[in-house]
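Please model the complete structure; the sequences and the hints are all you need to start from.
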Amino acid sequence: MANVISDETIEYVSILAKLELTQEEKQQAKADMGSMLDYIDKLNELDTEGVEPMSHVFPVHNVFREDVVVNGDDRENLLKNAPAQKEGSYKVPKTVL
Amino acid sequence: MDILSLTAVELGRKIRAGELTATEAAKACLEQIKKLEGSLNCYITVDEEGALRQAEQVQRQMEEGKLTGPLAGVPIAVKDNLCTKDLLTTCASRILYNFKPTYTAEAVLRLQEAGAVILGKTNMDEFAMGSTTETSAFGATRNPWNQEYVPGGSSGGSCAAVAAGECFYALGSDTGGSIRQPSSFCGVTGIKPTYGTVSRYGLIAYGSSLDQIGPVAKDVTDCAAVLEALAAHDPKDSTSLQREDTDFTSALVDDVRGLRIGIPRDYLGEGLAPEVRAAVLQAALVLRQKGAVVEEFDLSLVEYAIPAYYVIASAEASSNLSRFDGVKYGYRTREYEGLHSMYKKSRSEGFGPEVKRRIMLGSFVLSSGYYDAYYLKALRTKALIKQAFDRAFEKYDVILGPAAPTTAPKLGQSLSDPLKMYLGDIYTISANLAGLPGMTVPCGWDSRGLPIGLQLLGDCFKEKEIIRAGYAYEQERGPWQAPVLPGGADQGGPAPEPGELGGIGRPFEAGVKTGQKGGRKNGETV
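First to last, the protein sequences are chains A and B. Quick note on numbering: my numbering labels position 66 of the first sequence as 66, and the sequence is numbered without any gaps. Quick note on numbering: my numbering labels position 477 of the second sequence as 477, and the sequence is numbered without any gaps.
If you are wondering where the hints come from, they were derived from the structure by calculation, not from laboratory data. There could be a bad hint or two in this list.
Not everything, but these chain A residues come out facing chain B in the computed CB check (under 10 angstroms) [to be verified]:
{"id": "1", "residue": "E49"}
{"id": "2", "residue": "K80"}
{"id": "3", "residue": "V92"}
Bear in mind that the values here come from a model prediction, so they are computed numbers and not experimental data. For glycine and all other residues, C-beta sits at the position ideal for the given N, C-alpha and C.
Listed below in C-alpha cells is the structure:
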C-alpha cells in the first residue's frame, strides 16, 4: 500500500470532520483511507496539465436575486426539531467560560 | 380488475374516467404495503391516514374539474431524503431519526400539484451513500424478486416499492447511479435527468454538484409523464435550469429509424457478467432491427470516473453533512463536556460507518496540502470525462450499455469491501460527473431470475432521445412481468413466463434461456 496514513493524520482529519472515533474505528479508517487513496492515485496517470478544474458542467455562475424576504417567521415550528431550546432559541452547551 | 397491475398513467386515466377513485387506488397500495412490508421493508414511514386524506381531497378536486392531469389521484412513494412537511424525513440515518421538516421539497410539491397522493417515505442507504440500501439505519430493504438479494441503492426502497406494487411510482435521487442501478436490480424503469432539470430544493444534500432527483416507475411512459411534471425552473435552487423543452411525453414515439446509438467497448469489458452482456446486446439488436444505427466505439477514461467521483462526492458530503451537529434538529448525544464534545459525540453516534468513511475521506482531500493533489485533480479529470462524452455525442444520439456489471448481489456481501462495492458504479457514475441524463429499462433476467437493466445515456438536455429509444425498445420487449411476491401477494394477473414476452427477434435471448427457472420459481419458493 503506497499511501500509509499515520495516526496523526487520522487524528487531524477527525478534528476537521468533527468525529470522535473509537480505537477500532481509527484503525479501520486508516486502512480504508489508505486503500481508497491508493485507488484514487490512479488519477495521476492522467495528464491534466492545463485543464481547468470543472466545478459545474454548465457555464452558469453566481445566480443573484433581490434580497427580499419571502418566507414568514417559522421560529416556533423550526424549534420543534431542536434537541434543546430555551426562550425561543437553540440551546447549546456553554461556549464562553 | 387488479388495480395494482396498472401503470401510473393507466390508473390516472381510469380515475379521470370515473372507473376508479383515488381513494380506492390508495387503499389498494396500503393493503399491498401491509401484506409485504414485513418481508421487504421498502418504507421507513407509511402515512396511511395522510394518504387517505390526500386521496379524498384529490378525488374531490378531480370531480370539481380542478385537477385534470395524467397523474392526478395516483399514489406514490418518496425517497426519505426529500423533505416532506410534518412527515418524518430521516435520510435513513440515526442522526435524523425524529426530523419533521417545516417545508416540502419542490419536487414533491410539483407532484402534489399534479394530484399525487403520498403514501410514505422509502428506505435508502444512509444519506444516499451506498449501493445496496444496506447502510440504512432502519434495516435493509429486500429485493422483491428474491428476498435473499439486495434491491440496489441508494434508492433501493423506492425501486423495490414500485416493483412490488407498494406504490405506482416513486421519487428517487441519483448522485452516482442511485436511481439507475436499483432500477436495474429491481426490474423497474428510472430516469436521472440532466443536472439542474429538477429542483433540488428540499433534497437533503449529499454531493450537490452531482445530485439529481428523478422518477422510478413501471415503464418509460410513466417515467416521461412524471419527469414532465417534475421539471421546472426553481429560483430557490441556484443550479436549476431554464428549460423550454420539458414536454417529455412528446418523445414517446415508436420510431428509432436513423437514431445513432453507440455502445462503448469500455462498458463491455472485464467485470461485466456474461448474462448481463448478452441481455444488453440483445436489446441493442432489437433497436437495430427497428432501424437505429448501432455501433461500438471507444469512450475512453471510463476507469477514471470512479476515483474522480469518490473524491468529489466525499468532499461535497463532508461539507454538506457538517450541518448535522446536534443543535438544530435530529440526534444529540446524552453526555458531553462542552460544545465541541457535543458536536463530535452527536455526529459519531448519529452517523453510520459508511457515512463516517466518506466524511473522513472528504475532509482529507479538502485539507490544506492535499486539496490540489486530490480535489482539484478530480475536478480536472471531470473536465476530461465531460470532453470525452462531448466527442461521443458528436457521433451518437444515445449511448447504450448495462446499468450495472452484475445483477443484484446477495444481502450481506457488499459492505465488507467498500472499494469493491464502489466499482459496481462504473457504468452509472460518469453521467453524474458530466451532468448527463440516463435511464434504466429492464431488458431480461439472469439464471437466478434477477432482473437485468439496460442503460441509455443522452447528451445534456437530450432526455427525449433516450425516452424515444427506451419507449421503442419497450414496444418490442412487451409488458414487463411483475415479480411473484411473498405471502401470495401479487401485483398483476398470472405473469407470463419471460419467454412469452419477447416480440420480434426474440429480444430476450438471455431471459428466455434461463428465465424459466428464474423469477417465478425463485419467487414461488420464498
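Results for each hint:
1. Checking E49 (chain A) against chain B: minimum C-beta separation of about 9 angstroms stays under 10 angstroms; hint holds.
2. A cut of 10 angstroms between beta carbons decides the hint on K80 (chain A): the least distance to chain B is about 7 angstroms, and the hint holds.
3. At its closest, the beta carbon of V92 (chain A) sits 6 angstroms from a beta carbon of chain B; the interface hint therefore holds under the 10 angstroms criterion.
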